[in-house]
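K.L.:
This is what each chain is made of:
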Amino acid sequence: MKKAFWLAGIAAMALTQPATAGDTIKIGFVSTFSGPTAVIGNDMRNSFELALDHLGRKMGGKPVEVIYEDDGQKPDIGKQKTEKLVQSDKVDFIVGYIWSNVLLASLKTAVDSKTFLITANAGPSQLAGELCSPYVFSTSWQNDQTPQAMGTYMTQKGVKSVFLIGPNYAAGKDMLAGVKSTFKGEVKGEEYTVWPSQLDFSAELTKAKNSGAESIFVFYPGAAGVQFLNQYAQAGLKQTMPLYTAFTIDELSLPLQKDNAIGVPGAQEWVNDLPNEENKRFVADYRKKYTGKRPSFYGAQTYDAASLINSAVVAVKGDTSKKDEMKAAMQKATFKSVRGSFKFGNNHMPIQNFYLQDVVKDADGQLSLKTVATIVKDDQDRFHQKCPMK
Amino acid sequence: MLVVVEQFLNGLQFGLLLFLLAAGLTLVFGIMDFVNLAHGSLYMMGAYFAATFVAWTNSFILGVFMALGATLLLGVVLEFVALRHLYGRDHLDHVLATFGLILFFNDAVRLIWGPAGLVLPLPSWLTMPVQILPGVYYPAYRLSIIVVALLVAALLYWVVMRTRVGMLIRAGASNREMIGALGINIKLLFTLVFGLGAALAGLAGLMQAPILTVQIGMGENILILAFVIIVIGGIGSIRGAFLAAIFVGLIDTLGRAFLPDLLRMVLSSTAASTAAPALSSMLIYLLMAIVLVVRPEGLFPAAKR
Numbered sequence: 002m003k004k005a006f007w008l009a010g011i012a013a014m015a016l017t018q019p020a021t022a023g024d025t026i027k028i029g030f031v032s033t034f035s036g037p038t039a040v041i042g043n044d045m046r047n048s049f050e051l052a053l054d055h056l057g058r059k060m061g062g063k064p065v066e067v068i069y070e071d072d073g074q075k076p077d078i079g080k081q082k083t084e085k086l087v088q089s090d091k092v093d094f095i096v097g098y099i100w101s102n103v104l105l106a107s108l109k110t111a112v113d114s115k116t117f118l119i120t121a122n123a124g125p126s127q128l129a130g131e132l133c134s135p136y137v138f139s140t141s142w143q144n145d146q147t148p149q150a151m152g153t154y155m156t157q158k159g160v161k162s163v164f165l166i167g168p169n170y171a172a173g174k175d176m177l178a179g180v181k182s183t184f185k186g187e188v189k190g191e192e193y194t195v196w197p198s199q200l201d202f203s204a205e206l207t208k209a210k211n212s213g214a215e216s217i218f219v220f221y222p223g224a225a226g227v228q229f230l231n232q233y234a235q236a237g238l239k240q241t242m243p244l245y246t247a248f249t250i251d252e253l254s255l256p257l258q259k260d261n262a263i264g265v266p267g268a269q270e271w272v273n274d275l276p277n278e279e280n281k282r283f284v285a286d287y288r289k290k291y292t293g294k295r296p297s298f299y300g301a302q303t304y305d306a307a308s309l310i311n312s313a314v315v316a317v318k319g320d321t322s323k324k325d326e327m328k329a330a331m332q333k334a335t336f337k338s339v340r341g342s343f344k345f346g347n348n349h350m351p352i353q354n355f356y357l358q359d360v361v362k363d364a365d366g367q368l369s370l371k372t373v374a375t376i377v378k379d380d381q382d383r384f385h386q387k388c389p390m391k
Numbered sequence: 489m490l491v492v493v494e495q496f497l498n499g500l501q502f503g504l505l506l507f508l509l510a511a512g513l514t515l516v517f518g519i520m521d522f523v524n525l526a527h528g529s530l531y532m533m534g535a536y537f538a539a540t541f542v543a544w545t546n547s548f549i550l551g552v553f554m555a556l557g558a559t560l561l562l563g564v565v566l567e568f569v570a571l572r573h574l575y576g577r578d579h580l581d582h583v584l585a586t587f588g589l590i591l592f593f594n595d596a597v598r599l600i601w602g603p604a605g606l607v608l609p610l611p612s613w614l615t616m617p618v619q620i621l622p623g624v625y626y627p628a629y630r631l632s633i634i635v636v637a638l639l640v641a642a643l644l645y646w647v648v649m650r651t652r653v654g655m656l657i658r659a660g661a662s663n664r665e666m667i668g669a670l671g672i673n674i675k676l677l678f679t680l681v682f683g684l685g686a687a688l689a690g691l692a693g694l695m696q697a698p699i700l701t702v703q704i705g706m707g708e709n710i711l712i713l714a715f716v717i718i719v720i721g722g723i724g725s726i727r728g729a730f731l732a733a734i735f736v737g738l739i740d741t742l743g744r745a746f747l748p749d750l751l752r753m754v755l756s757s758t759a760a761s762t763a764a765p766a767l768s769s770m771l772i773y774l775l776m777a778i779v780l781v782v783r784p785e786g787l788f789p790a791a792k793r
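First to last, the sequence lines map onto chains A and B.
Heads up: the first sequence begins at 2 in our numbering, then just goes up one per residue.
Heads up: the second sequence begins at 489 in our numbering, then just goes up one per residue.
Rather than coming from a laboratory, the hints here were simulated on the basis of the structure.
Glycine included, every Cβ here is placed at the ideal spot set by N, Cα and C.
Treat the hints with care, since some could be wrong.
[Stated by the list, open to error] Simulated coverage check for chain A against chain B, where a stretch passes if three residues somewhere in it have a Cβ under 8 Å from a Cβ of chain B: (1) 31–40; (2) 189–195; (3) 201–209; (4) 222–229; (5) 232–243.
[Stated by the list, open to error] Between beta-carbon pairs, the in silico distance windows are: (6) W544(B) x K91(A): 39 to 47 Å; (7) A374(A) x I778(B): 53 to 61 Å; (8) K318(A) x F592(B): 44 to 52 Å; (9) Q367(A) x F587(B): 34 to 42 Å; (10) W544(B) x A364(A): 27 to 35 Å; (11) V373(A) x M753(B): 39 to 47 Å; (12) L643(B) x S89(A): 35 to 43 Å.
Based on the sequences and whatever the hints tell you, model everything.
P.N.:
Here it is as structure tokens:
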């Protein structure tokens with residue numbers, strides 16, 4: 002693990018040395034490539050590489066060089082890697098960031114150096130509000146938005162009461178706050194678990210069961226989502242307390258969750274079957290390039306991040322010193338998003354639709370996700386007024 | 489009141505699982521004076537073996553027994569090939585070598601099984617909750633962990649306290665040189681003890697697997713807890729490991745279960761919900777610190793050297 006890492010580092014150095022500034026478009030990529038959540042980082046890298054293939058590995062006529070860095074899901078390491086990319090690699094853009102706590106730790110380094118940072122997943126509330134920056138764009142969502150959509154759906158469905166469970170870190174707090182802001186029924190209790198070390202949720206499930214709530218809402222990304230669904234099913238709650246989720250069931254966790262995921266609804270801004278041309282091409286080519294794998298929303302957002310960067314570089318014809326022009330180009334969001342309609346709010350967070358997704362058996366007999374309905378249209382996050390940018 | 493019973497069972501289940509891991513560790517540490525950081529890797533291998541064999545044989549029980557045998561064999565081979573040569577050395581050498589083994593096992597697993605992890609599905613008769621008291625339903629699988637772990641604990645007690653091998657193990661724990669001088673084949677004893685420890689770790693791993701997922705590095709976090717337990721219980725003492733493991737399991741689970749509500753009485757609701765998980769994960773280490781201050785040799789130390 003460590004060795005591969007060093008080799009990658011040496012390889013990256015060997016690649017960067019001969020290039021003089023301005024010849025290439027340099028992109029730093031910070032995500033998780035080791036440990037249990039490495040599958041997410043790999044999906045993001047795969048999607049980014051696919052996007053580069055589609056662009057002919059050039060942006061604005063210049064070759065693109067990507068430097069991948071592993072944050073190990075730790076804020077301190079993410080910050081170090083961001084510093085390295087900004088200070089010694091002098092990249093033009095930084096993309097990636099799965100985890101809100103990693104992004105919050107790394108944010109200042111990027112913003113202070115006026116390096117464009119495109120978050121392809123994490124969307125902490127602070128970033129949409131008081132910490133918004135002209136140099137930061139998001140091709141994902143603000144954390145609260147997806148659970149807000151779920152809360153809206155639960156209210157529409159007539160759910161009377163809920164018990165909330167989520168991990169104790171920046172995103173977990175945003176997620177539970179999000180569902181509370183739109184769910185009109187009663188919240189019977191909420192529990193936060195130690196993140197990411199706690200994998201056994203027996204105490205929390207027992208509390209939920211005895212709370213008198215009619216349903217459970219959870220946010221558990223990555224492997225934790227598999228573990229939660231296992232334990233939820235083993236506790237026999239599937240028959241008695243329906244589960245509602247955000248970021249808990251996706252194409253990466255589904256092969257492990259299997260039947261446990263059937264009948265568990267989730268909200269998402271992208272689903273693999275969204276009927277636009279860009280998306281059809283993305284999904285089909287991904288499955289062709291990476292045999293046996295399916296893209297997840299993490300990948301879709303990263304693919305969009307590459308398209309967004311490309312639109313900025315093309316606008317300045319490869320001259321990445323023209324930062325104001327690049328910013329203006331990105332704000333227009335003229336790139337073709339795989340999720341169809343997409344535009345930015347004043348805080349550079351997307352304004353977009355959120356869909357209800359369900360798990361079904363597809364034509365190959367494999368479990369996959371399917372769009373059931375549109376929950377909200379052109380949703381803007383609820384922190385944009387706190388952002389001083391106009 | 490019924491909630492308390494259920495949370496108590498949750499704590500007991502977690503504690504007993506920790507005991508299986510800690511028992512092997514304390515035996516190896518106490519008797520062979522060998523620090524084995526790769527104990528968590530054996531836990532991981534047990535889970536990977538079980539997931540593989542259960543998928544092959546389509547039988548949960550058969551697969552589990554095959555996995556137990558495989559982990560035991562792996563432990564014996566590991567001892568014979570690598571660890572045997574390190575016994576006379578310093579503890580730091582043990583730490584370095586077994587840390588290397590952790591990296592070796594993690595990468596070996598990545599090569600053989602891939603990075604994504606596996607699942608160990610339960611047979612349907614273990615996936616439903618059972619009624620243990622009027623109105624109290626408990627997951628059948630968690631209940632079976634409690635039963636199996638208690639049986640293993642009883643068996644271990646019998647082996648260690650009532651058999652000749654056990655007598656040698658106890659003698660080894662109190663004075664290694666002396667039993668060697670008495671003509672006991674200490675090499676064979678060590679191999680046996682290491683194999684037994686490996687099988688116990690494998691058992692813990694494969695029993696935990698259906699609750700969690702089978703993934704690379706799954707043994708690393710839990711190994712820290714196992715070390716905490718053998719420090720609290722007294723190094724080399726199975727009885728100490730048993731009581732300390734149950735103690736730690738209960739403190740961890742009951743802390744998580746009831747601390748947020750207690751804190752809510754004095755703090756605002758949101759402050760309490762975020763402070764409680766942090767605080768409850770500290771409780772165990774707090775306990776260890778107190779034990780180290782009051783009884784540095786642990787609560788139930790093995791007989792003095």
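K.L.:
Does each hint fit the structure? Answer for all of them.
P.N.:
Now the hints, each set against the structure:
Only residues whose beta carbon comes within less than 8 Å of a beta carbon in chain B count, and the segment 31–40 of chain A has 4; three or more means the coverage holds. Using a Cβ-Cβ cut-off of 8 Å, 5 residues of the segment 189–195 of chain A lie near chain B, which meets the minimum of three, so the contact claim holds. Counting residues of the segment 201–209 of chain A whose C-beta lies closer than 8 Å to any C-beta of chain B gives 6; at least three are required, and the coverage claim holds. Requiring three or more residues with a Cβ within less than 8 Å of a Cβ of chain B, the coverage given for the segment 222–229 of chain A holds, as 3 such residues are present.
Here the segment 232–243 of chain A counts 5 residues with a CB under 8 Å from a CB of chain B, which clears the bar of 3, and the coverage holds. Restraint check, W544(B) to K91(A): a C-beta distance of roughly 52 Å breaks the suggested window 39 to 47 Å. Distance hint check for A374(A) and I778(B): the Cβ-Cβ separation is about 55 Å, which falls inside the suggested range of 53 to 61 Å. About 51 Å separates the C-beta atoms of K318(A) and F592(B), a value consistent with the hinted range of 44 to 52 Å.
A hinted range of 34 to 42 Å holds for the C-beta pair Q367(A) and F587(B), which are about 40 Å apart. Between W544(B) and A364(A) the beta carbon distance is about 29 Å. The supplied range of 27 to 35 Å therefore holds. The beta-carbon spacing between V373(A) and M753(B), approximately 43 Å, falls within the hinted interval of 39 to 47 Å. A hinted range of 35 to 43 Å for the beta carbons of L643(B) and S89(A) is inconsistent with their spacing of about 58 Å.
When each numbered hint is compared with the structure, violations occur for hints 6, 12.
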